[in-house]
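> This is what each chain is made of:
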Amino acid sequence: MNGARYTSTAISLHWLMAVLIIGAFCVGLYMADLPLSPMKLKIFSWHKWTGITIFLLVFFRIAWRAWHRPPPLPPAMPRWMQVAAHAGHAALYVLMIVLPISGWLMSSAKGFQTVYFGVLPIPDLLPKNKELGDSLLLVHQILAWTMATVVAGHAAAALKHHFVDRDDVLTRMSPRHSTLKEKTP
Amino acid sequence: MKRVVVALLLALASVAASAEEFTAVQVDKSSIAFVSRQMGVPVNGRFGKFSAQIRFDPAKPETGSVVVDIAVASIDAGSAEANDAVAGKDWFDAAAFPGARFATTAIRPLGGNRYEALGKLTIKGRTRDVAAPFTFASRGSVGNAEGTLVIKRADFGIGQGVWADFDTVANEVEIKFRLQAEASAAHK
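Line by line, the protein sequences are chains A and B.
Note that the working numbering numbers the first sequence so that position 70 is 73, with each residue one more than the last.
Note that the working numbering numbers the second sequence so that position 97 is 1154, with each residue one more than the last.
For reference, chain B alone in the conformation it holds in the complex:
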């Protein structure tokens, strides 16, 4: 009985503390897009399929976590011929590495509505530490996290062989993410 009471109290305490914890991701209102540069030309692309698990309380960002899983085969690299090419071995090798993942190791506040997600980004079987600054805004029970981070495609072996030099396709790729989540009903 005592243990039940303690558990209840703990549960209540966590409910009170995380009244604004956003957890239910609305994938259809979220997006993971990127901008690559070809001959100095910015080309917009996006990933059509991904899922995300989020726990984020803007008042207590340190306790939050984000895991995003991306189906790399769902890439739209900006044109039909690019889409045919990028699933191949020189690019994402989607057959061998179907998933890319970003998992936070820490989220820290940067002041105001700005935060930074530190985490591990894994693409094509290679993991790198990345820092993704983002802003968070909520309206009612819906919260939006939006941010960008710049990665170097060579760190992940994306674009090898004839594509390895950066004359035509730049090394830097800007990833733009927008994740929308609802404050989960269970915590209200």
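Here chain A stands alone, though its shape is the one from the complex:
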């Protein structure tokens, strides 16, 4: 235990994005085969807006991380496990960037521009092209399932740290803990 914690900004970003990513994934699964209805158009828009929000937040998060180094992993962790943890985090950051981009490109190729919150048009990077749109849908799905797998591994590892290793890897990212600790001194 070294007692070092993530900053409260990093903790807020982490949990906000966790909610957005899990939400976008579940909504994406649900909406894929819906018959055409006004609700479907709404849900698709919400999903896209969530994706753009994640895409914007991740850059803020990376910048924040660059200026506020995360606390080091417990020194007791074997080397291979530390490497795996860093690789997993790197994969999550890459996915948080490329997954929204794949959706954005797919939407353009399918002939639907993305308009953030129905107000801010995001430029179409690709012209309408059905085959390309279908290929990008597949790419988007593969990336989404990859993300789901890495997120599941990330959560499982955090729980293992907490309940098996009994170290502070989970609690130093816990929002409740952070408020308690900040109020105490």
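Hint data in this document are derived by calculation from the structure and do not stem from the laboratory.
Misleading hints may appear alongside valid ones.
[Stated by the list, open to error] Straight-line alpha carbon distances no greater than 35 Å define the calculated DSBU-like cross-link-like pairs of lysine-lysine that follow:
1) A:131 to A:45
2) A:113 to B:1117
3) B:1233 to A:131
A quick note: this is a predicted structure, and the numbers were derived from the prediction, not measured.
Keeping the supplied structure of chain A fixed, place chain B upon it in accordance with the hints.
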């Protein structure tokens, strides 16, 4: 004989007056497209099949007329699932109302190469008065009329039932037309 001469003179006069009358529509070089808005997203669509009868002399626009007939079943609303839906009863009800028509009642000059076509637009059996401003440009014997008009889909009962409110699909639909016609040989 006298009547023949008068008829000939009248014919000659009309030829002289409408030397630039554009009548032969080139459908393959014309288009009727539209932009609908879904959740604030502009979605491009078009009608693949239509025919048009035009008489238009830019020097004498008041004498002109335009009739456009559209096969509503030829709609491309932007996606396969939308195309499946829009022929149905809530949208165009293409089985009961296969044709949409625009017929001018008057064309008036707005100055320069700008004009306005006033007319009756009939979709899904409902007729509304519309005004379609357009520009006209000709090169040689080929003339192009291009314009836009905004209609309200609810005026024509397009998008009923669950689609009736405008939260997801906006009421306003922008129609963009481009009609290309040749000055007819008979009038040259």
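> Hints first: check each against the structure and report whether it holds.
Comparing the hints with the structure gives:
As the CA atoms of residue 131 of chain A and residue 45 of chain A are separated by approximately 21 Å, the hinted pair is consistent with the 35 Å bound. For the proposed pair residue 113 of chain A and residue 1117 of chain B, the alpha carbon gap of about 45 Å is over 35 Å, so the pair is violated. Distance check on the hinted pair: residue 1233 of chain B and residue 131 of chain A sit about 19 Å apart at the alpha-carbon level, within 35 Å; holds.
Of the numbered hints given earlier, the model fails hint 2 alone.
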